[in-house]
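Make a model of the complete structure from these sequences and hints.
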Amino acid sequence: MPGITREEVAHLARLARLELKAEELDHFAGQLDDIIGAVARVSEVADQDVPPTSHPLPLTNVMRPDEVRPSLTPQQALACAPAQEQQRFKVPQILGEE
Amino acid sequence: MTVTELVSYEDALAAYDPVMGLEVHVELGTKTKMFCGCSTALGAEPNTQTCPTCLGLPGSLPVVNATGVESAIKIGLALNCEIAEWCRFARKNYFYPDMPKNFQTSQYDEPIAYNGYLDVDVDGEVFRVEIERAHMEEDTGKSTHVGGATGRIHGAQHSLLDYNRAGIPLIEIVTKPIVGAGEKAPEVAKAYVTELRELIKSLGVSEARMEMGQMRCDVNLSLRPQGADKFGTRSETKNVNSLRSVERAVRFEIQRHAAVLGDGGTIIQETRHFHEEDGSTTSGRVKEEAEDYRYFPEPDLVPVAPSRAWVEELRGGLPELPRVRRNRLREEWGLSRHEMQSVLNAGAIDLITATIDEGAPADQARKWWMGELARRANEDGVELAALPITPAQVARVCALVKEGSLNDKLARQTIEGVLAGEGGPDEVVTKRGLKVVSDEGALGTAVDEAIAANAAIADKIRGGKVAAAGALVGAVMKATRGQADAARVRELILEKLGVEG
Numbered sequence: 001m002p003g004i005t006r007e008e009v010a011h012l013a014r015l016a017r018l019e020l021k022a023e024e025l026d027h028f029a030g031q032l033d034d035i036i037g038a039v040a041r042v043s044e045v046a047d048q049d050v051p052p053t054s055h056p057l058p059l060t061n062v063m064r065p066d067e068v069r070p071s072l073t074p075q076q077a078l079a080c081a082p083a084q085e086q087q088r089f090k091v092p093q094i095l096g097e098e
Numbered sequence: 001m002t003v004t005e006l007v008s009y010e011d012a013l014a015a016y017d018p019v020m021g022l023e024v025h026v027e028l029g030t031k032t033k034m035f036c037g038c039s040t041a042l043g044a045e046p047n048t049q050t051c052p053t054c055l056g057l058p059g060s061l062p063v064v065n066a067t068g069v070e071s072a073i074k075i076g077l078a079l080n081c082e083i084a085e086w087c088r089f090a091r092k093n094y095f096y097p098d099m100p101k102n103f104q105t106s107q108y109d110e111p112i113a114y115n116g117y118l119d120v121d122v123d124g125e126v127f128r129v130e131i132e133r134a135h136m137e138e139d140t141g142k143s144t145h146v147g148g149a150t151g152r153i154h155g156a157q158h159s160l161l162d163y164n165r166a167g168i169p170l171i172e173i174v175t176k177p178i179v180g181a182g183e184k185a186p187e188v189a190k191a192y193v194t195e196l197r198e199l200i201k202s203l204g205v206s207e208a209r210m211e212m213g214q215m216r217c218d219v220n221l222s223l224r225p226q227g228a229d230k231f232g233t234r235s236e237t238k239n240v241n242s243l244r245s246v247e248r249a250v251r252f253e254i255q256r257h258a259a260v261l262g263d264g265g266t267i268i269q270e271t272r273h274f275h276e277e278d279g280s281t282t283s284g285r286v287k288e289e290a291e292d293y294r295y296f297p298e299p300d301l302v303p304v305a306p307s308r309a310w311v312e313e314l315r316g317g318l319p320e321l322p323r324v325r326r327n328r329l330r331e332e333w334g335l336s337r338h339e340m341q342s343v344l345n346a347g348a349i350d351l352i353t354a355t356i357d358e359g360a361p362a363d364q365a366r367k368w369w370m371g372e373l374a375r376r377a378n379e380d381g382v383e384l385a386a387l388p389i390t391p392a393q394v395a396r397v398c399a400l401v402k403e404g405s406l407n408d409k410l411a412r413q414t415i416e417g418v419l420a421g422e423g424g425p426d427e428v429v430t431k432r433g434l435k436v437v438s439d440e441g442a443l444g445t446a447v448d449e450a451i452a453a454n455a456a457i458a459d460k461i462r463g464g465k466v467a468a469a470g471a472l473v474g475a476v477m478k479a480t481r482g483q484a485d486a487a488r489v490r491e492l493i494l495e496k497l498g499v500e501g
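Residue numbers (the working numbering), protein chains in the order written: chain A, 1 to 98; chain B, 1 to 501.
Don't take each hint at face value.
Derived coverage of chain B by chain A (criterion: at least 3 residues anywhere in the stretch with Cβ under 8 angstroms from a Cβ of chain A; other residues may be distant) [stated by the list, open to error]: (1) 64-71; (2) 90-103; (3) 159-166.
Worth flagging that the hints you see were computed from the coordinates, not collected in a lab. Backbone N, C-alpha and C fix where the C-beta goes; we use that ideal spot for every residue, glycine too.
In structure tokens:
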């Protein structure tokens, strides 16, 4: 059974760019452990003859022809942006790079 | 940042054996994005080619571009790969504003094509580069960093995102570790990317123009002590975007690694940035491990399972591959490998072929494209193909030379006129009055004048010094502003002076 450590939660939080307090790390470690434990029970009931699946429908090759369809207007595209400039999405300083 | 004193290339190679891995991203030339119907046309205003799917808005669903899959299979086949019977897309999770979805749709452990190879020519020898895989994914948006020095991310106050490029189909082609290249590693890397670019162009799946970012290369490099089996730690130099840069980046990293290792240091696995100005690389971010991307099968897309019939149909439709074609043309044109390499490097193969198709002899077609026109392209800093002259026009110039209407000098002036936008060859000849003077009367008069004006030389010729005739030919050519047929002028001079040629 998995045991999610505090360090693993801190690592995931960093990857997800979430700032967690010390007590939150403990709190989520316990919760995540429960969730993963619950999901892991699936592999107890799934026998060798049950293949792993990523999609509920037995479909393959759903494709569309390479034909242009109308896009949103830039106003529509930017409608929900918290900030914009020069018809572009404005995002805060990107940290941790270079 | 510590500056490492580089080790000389020769010393580095004496102590270490380089191992490379090249990752090339090719932007496909499809009309629409990989998972939505937004246009991929270049040069559009920011954020005019987006939709809920490529913006990652809730409730939107991706659908795969059939032409994108077809192109991926063609590339895989041309690289002698096996084509997956069944494969899936995967989410590569990362938080970075260039992808509004917070993941990039890619392929992980089930690439559409795998286990292939590409043969490349290096110094007249064949070097086989093994291909690990070619997989489908999507491009990211374009960031503009504001507030920092020279638009770089470092020191920027904020960044602006244009998502027109987000979702454009990419094929990532990954080599297996390239071993055994030794001191030729930089050349092998360059030759591989060159050959791959030719291959992609010949398939018609992308224009693969590196200067436009349609083809980008990441260079992985590690060194191991000579004689060792185990690979060293690698660095990954990102976005090396010209053929010359690929060669320089490999060379620089070999020297840098050797310096670090020689000092008893260790190479950190990290991404590095390449600098065009001086060919150096600098440290980027410490590379995230694959598990940090938390790949998982994309639940919004169903598997791609190309039927064997489709794959075979695509295999049957592959064009003659560039290397095979080049060898055939080389024999037809009677060139050495070295000469053919120059033609390839100049980007002249298709132009010469087209000029020959328009009726020009091979040697003439090559002469103009590799001579006068290559010089002009070089001077103007443009690709040969971008010069404002067509193969048909070059062929017409060749024809005019062949029928005797133009001599070499006039042909050059005609080409100059065409390049200057004065019209086609015939128009330029008429407008500039470039026809060879074939009027025997006018020519005779010019010859008489030249003899009269150069009596001393004429005497020498009469006395048997036939070689001196050149000076008189020159005088006549000058008088006719280069528009006479030099051979005919020489004949007339000797005739008039009563000397046998």
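Structure-based check of each hint:
Coverage of the segment 64-71 of chain B by chain A holds in this model, with 6 residues showing a Cβ closer than 8 angstroms to a Cβ of that chain against a need of three. Only when three residues or more bring their CB closer than 8 angstroms to a CB of chain A does the claim for the segment 90-103 of chain B stand; here the count is 6, and the claim holds. Check result for the segment 159-166 of chain B against chain A: holds, 5 residues qualifying (beta carbon to beta carbon below 8 angstroms, three or more required).
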